[in-house]
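Can you build the whole structure from these sequences, using the hints too?
There are 2 protein chains.
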Amino acid sequence: MFPEIDTPAVLVDLDFAEANIDRFQAHCDAYGLAVRPHIKTHKLPMLAKRQIAAGAIGITCQKISEAEAMIAEGGIDDVLLTYNVLGEEKLSRLRVLVERVTLTVVTDNDAVVAGLSEAFVNTQDPLRVLVKCDTGAACCGVTTPEAALALATRISEAPGLSFVGLMTYPPVGQEVKVQSWLVRAKGMIEEAGHPVEVISTGGSPGMWQAQAVKVATEYRIGTYAYMDRSLAERGVCDSADCALTVLATVISIPAGDRAVIDAGSKVLTSDLLGLDGHGHVFGRPDILISGLSEEHDVLNAPDIGLSVGQRLRIVRNHACMVANMLDHVELIRGETHQERKQVAARGQVW
Amino acid sequence: MFPEIDTPAVLVDLDFAEANIDRFQAHCDAYGLAVRPHIKTHKLPMLAKRQIAAGAIGITCQKISEAEAMIAEGGIDDVLLTYNVLGEEKLSRLRVLVERVTLTVVTDNDAVVAGLSEAFVNTQDPLRVLVKCDTGAACCGVTTPEAALALATRISEAPGLSFVGLMTYPPVGQEVKVQSWLVRAKGMIEEAGHPVEVISTGGSPGMWQAQAVKVATEYRIGTYAYMDRSLAERGVCDSADCALTVLATVISIPAGDRAVIDAGSKVLTSDLLGLDGHGHVFGRPDILISGLSEEHDVLNAPDIGLSVGQRLRIVRNHACMVANMLDHVELIRGETHQERKQVAARGQVW
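Residue numbers (my numbering), protein chains in the order written: chain R, 31 to 380; chain L, 31 to 380.
There may be inaccurate statements among the hints.
Just the calculated beta-carbon pair ranges, DEER-fashion [stated by the list, open to error]:
1. R264(R) / G313(L): 56 to 64 Å
2. S192(L) / D52(R): 53 to 61 Å
3. H358(L) / D52(R): 48 to 56 Å
4. T366(R) / S192(L): 49 to 57 Å
5. V151(L) / P332(R): 52 to 60 Å
6. M76(R) / S192(L): 43 to 51 Å
7. D140(L) / P332(R): 42 to 50 Å
8. E34(R) / V151(L): 21 to 29 Å
9. Q372(L) / E227(R): 22 to 30 Å
10. L305(L) / Q368(R): 36 to 44 Å
11. Q241(R) / D140(L): 53 to 61 Å
12. D107(L) / D140(R): 55 to 63 Å
Don't read these hints as lab results, they were simulated from the structure. Idealized CB from N, CA, C, for every residue including glycine.
Right, dumping it as C-alpha cells:
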C-alpha cells in the first residue's frame with residue numbers, strides 16, 4: 031500500500047474530497063443557498079480553489095494568518111474571517127488583506143468594534159462587518175436579538191465600518207430555534223434602518239439540514255470536504271466517504287490481542303469528540319484503537335491477526351485536527367499517489 | 031504582559047526550565063544514576079545541549095527525524111532512539127545517523143532485528159541495540175524476562191548488531207515490580223553470556239523515585255524540563271515550576287460567567303490526560319477551562335471578571351503536546367522576552 035510513502039503519513043484522496051465538495055454544493059444549489067467553505071479543515075489553497083470552482087461564493091477563515099496563506103498564490107478573492115480581531119499587529123495585517131480581497135469580519139463586542147473602526151477610519155472603503163450571534167452553542171456571540179440590534183447599530187455608526195449582517199455557528203439539530211432567533215434579530219435590525227444583507231450559518235454536523243434555516247443566505251462548512259469518523263458515527267456520511275486517512279505501519283505485536291503502530295497523538299491527535307476509541311482501521315471493524323501515546327497507537331482485538339511491517343489505513347475521529355499536525359499531506363486518487371503537498375496554513379493560529 | 035508578542039503564543043521561561051533540569055540532575059547525581067533527557071518535550075537543540083551541560087550523558091529521541099533535527103547544529107554526540115525502526119527508507123537514514131553520533135536503538139521483535147541486521151551487516155561498527163521490555167505499561171515491549179532473553183540472544187547472534195542492554199517505560203508507582211522484572215531478565219541474559227551494559231528506565235511522573243529501580247543505569251525523562259498541569263496535579267511539581275505557558279488574549283465576554291480566548295485545540299491541544307478542565311489560568315484558580323474548539327477556549331467562573339483585550343497565561347495539561355503545535359516558541363526569563371525560537375523537531379514523526 032503506497033510503498034513510496036514513508037509512514038506515518040496523512041493521505042488525502044482527491045476523488046473522495048471532490049465528490050464530497052460537489053455533493054454538498056449540489057444540495058445547496060437545489061435550495062438556492064450559497065456555500066462558503068471553511069478552509070480550517072484542509073488548509074490547502076488548491077482545495078479552496080476547487081471549492082470555488084464547484085460553485086462556492088468565497089471562503090471562510092478563522093485566523094488572519096490562514097487567510098494570508100490562502101490568498102498568497104491568487105485565485106481567491108472573497109474571504110469571511112469569523113473571528114474577533116483585536117490588537118494593532120493583527121489590525122494592520124487586516125488592512126493589508128482588505129486591499130487584496132473582498133473581506134468581511136465578525137464581532138460580538140464593542141471593544142472589537144472600536145478597534146476595527148480606528149483601524150479602518152481612513153481606508154477608502156468601509157470594512158464589512160457581521161454581528162456574531164450565539165444561537166445556542168455557548169461559545170462567542172451576542173446572546174439575544176436585542177444585543178444583536180445594539181451591536182449592529184454601533185457598527186453602523188462607527189466610522190470606517192459597514193454593518194452587513196449576522197453570523198452564527200448554530201447548535202446541531204435546533205434549526206427551528208435558530209431560524210426564529212435570526213428572523214427576530216433581522217426584523218429588529220432592519221426596522222432600525224440597517225439592511226441585513228448577509229446571514230451566515232453553517233456546520234458539517236447539520237449539513238443536510240442546511241436549508242432548514244430559511245433566513246440564511248450562506249452556509250459555512252469545513253469538515254464536509256474530508257469527512258471523518260465523528261461525522262460517520264452521526265450518520266452525516268458513510269465511512270467510505272472519508273477522504274483523509276492516516277497511513278501507518280505496525281511496528282510491534284507484543285501480544286496476540288494487541289498491536290502497536292508508528293503514529294500516536296502527534297499525528298493522529300487525541301481528539302475523542304465523545305467517541306469510543308480514537309478511530310477505525312480500514313477493513314477491521316473488530317479493532318479498537320484503545321490507547322494513544324505521543325508516538326504510538328495501541329490497537330486491540332481478541333485476535334489481532336496483524337504482522338510487524340504491515341501497513342494500515344485509519345480514519346480518525348476529527349479530520350480538521352489531523353490535517354493540522356504535519357507540514358504536508360500526500361495527495362492520492364484511489365491507489366495512485368499523486369504528490370506530496372505542503373499544508374500552507376498549518377499551525378497558522380494568528 | 032509581553033506586548034511585543036502577538037497572541038496566541040507558547041512561552042518558555044528558561045529560568046524555570048533550567049531550574050527544573052538542574053534539580054533533577056542533582057537528584058540523580060546523588061544516587062549515581064545517569065540522566066538521558068527525552069527531547070520530545072521541548073524539541074529544541076539549545077535545551078538538549080543545556081541538559082547535557084547540566085550533566086546528562088546524551089539524549090533520547092523517539093523518531094529518526096527528531097534525532098536528525100537535534101544533531102544538525104552539532105554539540106550532541108550520544109543518542110538513544112527508543113523506537114522500533116522498520117523499512118528501507120528509515121534504515122538508510124539510520125546508517126547516516128550512526129556515522130555522526132554514538133547511536134543506540136531498541137527493538138521488541140524479530141522482524142525489526144532482521145531489518146537492522148541487514149542494514150548494518152556491512153558497517154564498520156555493529157549497531158548498539160537494547161531490548162525493549164514491557165514491565166507493565168502495555169504498549170510496546172517483550173512481556174516476559176524469558177522473551178527478553180530470547181531477543182537478546184537473537185540480537186547477539188545477528189550480524190552487524192551488538193546487544194547492549196534493556197530499556198523500559200515503566201508503569202508509575204510500581205518500582206518494586208519493575209526492579210524485579212529487570213533483575214530477573216538481566217540475570218538470565220548474563221548467564222547466557224551476554225553482558226547487560228545498559229538498563230534504561232524513565233518517566234517524569236515517577237521521577238522522584240527514579241533511584242528505586244536500583245538495577246537501572248540511566249533514566250530517560252522529558253516533561254520534567256517544562257513540567258505541566260498533569261504533573262502538578264500528581265504532586266510531582268508545583269504549578270509555579272511550569273516553564274511552558276500559553277499566552278492568550280480574551281476576545282469575547284458573552285456572559286458574566288463566561289469568557290473566550292484566542293487559542294483553542296490547535297495551540298493548546300485537547301489532551302485531557304484524565305484531568306478536569308484543559309488547564310489552569312495563572313492567578314485565577316476559580317476559572318475552569320471548560321470548552322475547547324479548534325480556535326477558541328471557553329473559560330467559566332461564577333464571576334468571570336475579565337475584559338476583552340486582557341492577556342492571560344495558561345498552564346496546559348500536557349506540555350509535550352503543546353510544544354508540538356506551533357512552529358516556534360517565545361523564550362522568556364521572568365517578565366523579559368529573550369527571542370523567538372524555531373521548534374526544530376516540531377512535527378518530526380518519521
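* In this structure, is the beta-carbon distance linking H358(L) and D52(R) contained in 48 to 56 Å? -> Violated, since H358(L) and D52(R) (Cβ atoms, about 38 Å apart) do not stay within the stated range.
* **Outcome for the supplied range 36 to 44 Å, where the beta carbon pair is L305(L) and Q368(R)** => Given a distance of about 42 Å, which is inside 36 to 44 Å, the answer is holds.
* To do: Starting from the hint 21 to 29 Å, judge whether the C-beta atoms of E34(R) and V151(L) obey it.
  => Since the Cβ atoms of E34(R) and V151(L) sit about 25 Å apart, the hinted range of 21 to 29 Å holds.
* Measuring from beta carbon to beta carbon, are S192(L) and D52(R) in 53 to 61 Å? -> holds, 57 Å
* Does the hinted range 22 to 30 Å hold for Q372(L) and E227(R) at CB? -> At roughly 44 Å between Cβ atoms, E227(R) and Q372(L) fall outside 22 to 30 Å, so the hint is violated.
* Asked: Between V151(L) and P332(R), does the C-beta distance stay in 52 to 60 Å?
  -> violated, 39 Å
* Asked: Do M76(R) and S192(L) keep their Cβ atoms within the hinted range of 43 to 51 Å?
  -> holds, 48 Å
* **Outcome of range test on Cβ distance (D140(L), P332(R); 42 to 50 Å)** => violated, 24 Å
* To do: Please test the hint of 55 to 63 Å on the beta carbon pair from D107(L) and D140(R).
  => Hint holds: Cβ distance 58 Å, inside 55 to 63 Å.
* Asked: Between Q241(R) and D140(L), is the Cβ distance one that fits in 53 to 61 Å?
  -> holds, 58 Å
* To do: Can you let me know if the beta-carbon spacing of R264(R) and G313(L) is within 56 to 64 Å?
  => violated, 40 Å
* **T366(R) versus S192(L) beta-carbon gap, inside 49 to 57 Å or not** => violated, 42 Å
Hint compliance for this structure: hints 1, 3, 4, 5, 7 and 9 are not met, and every other hint is.
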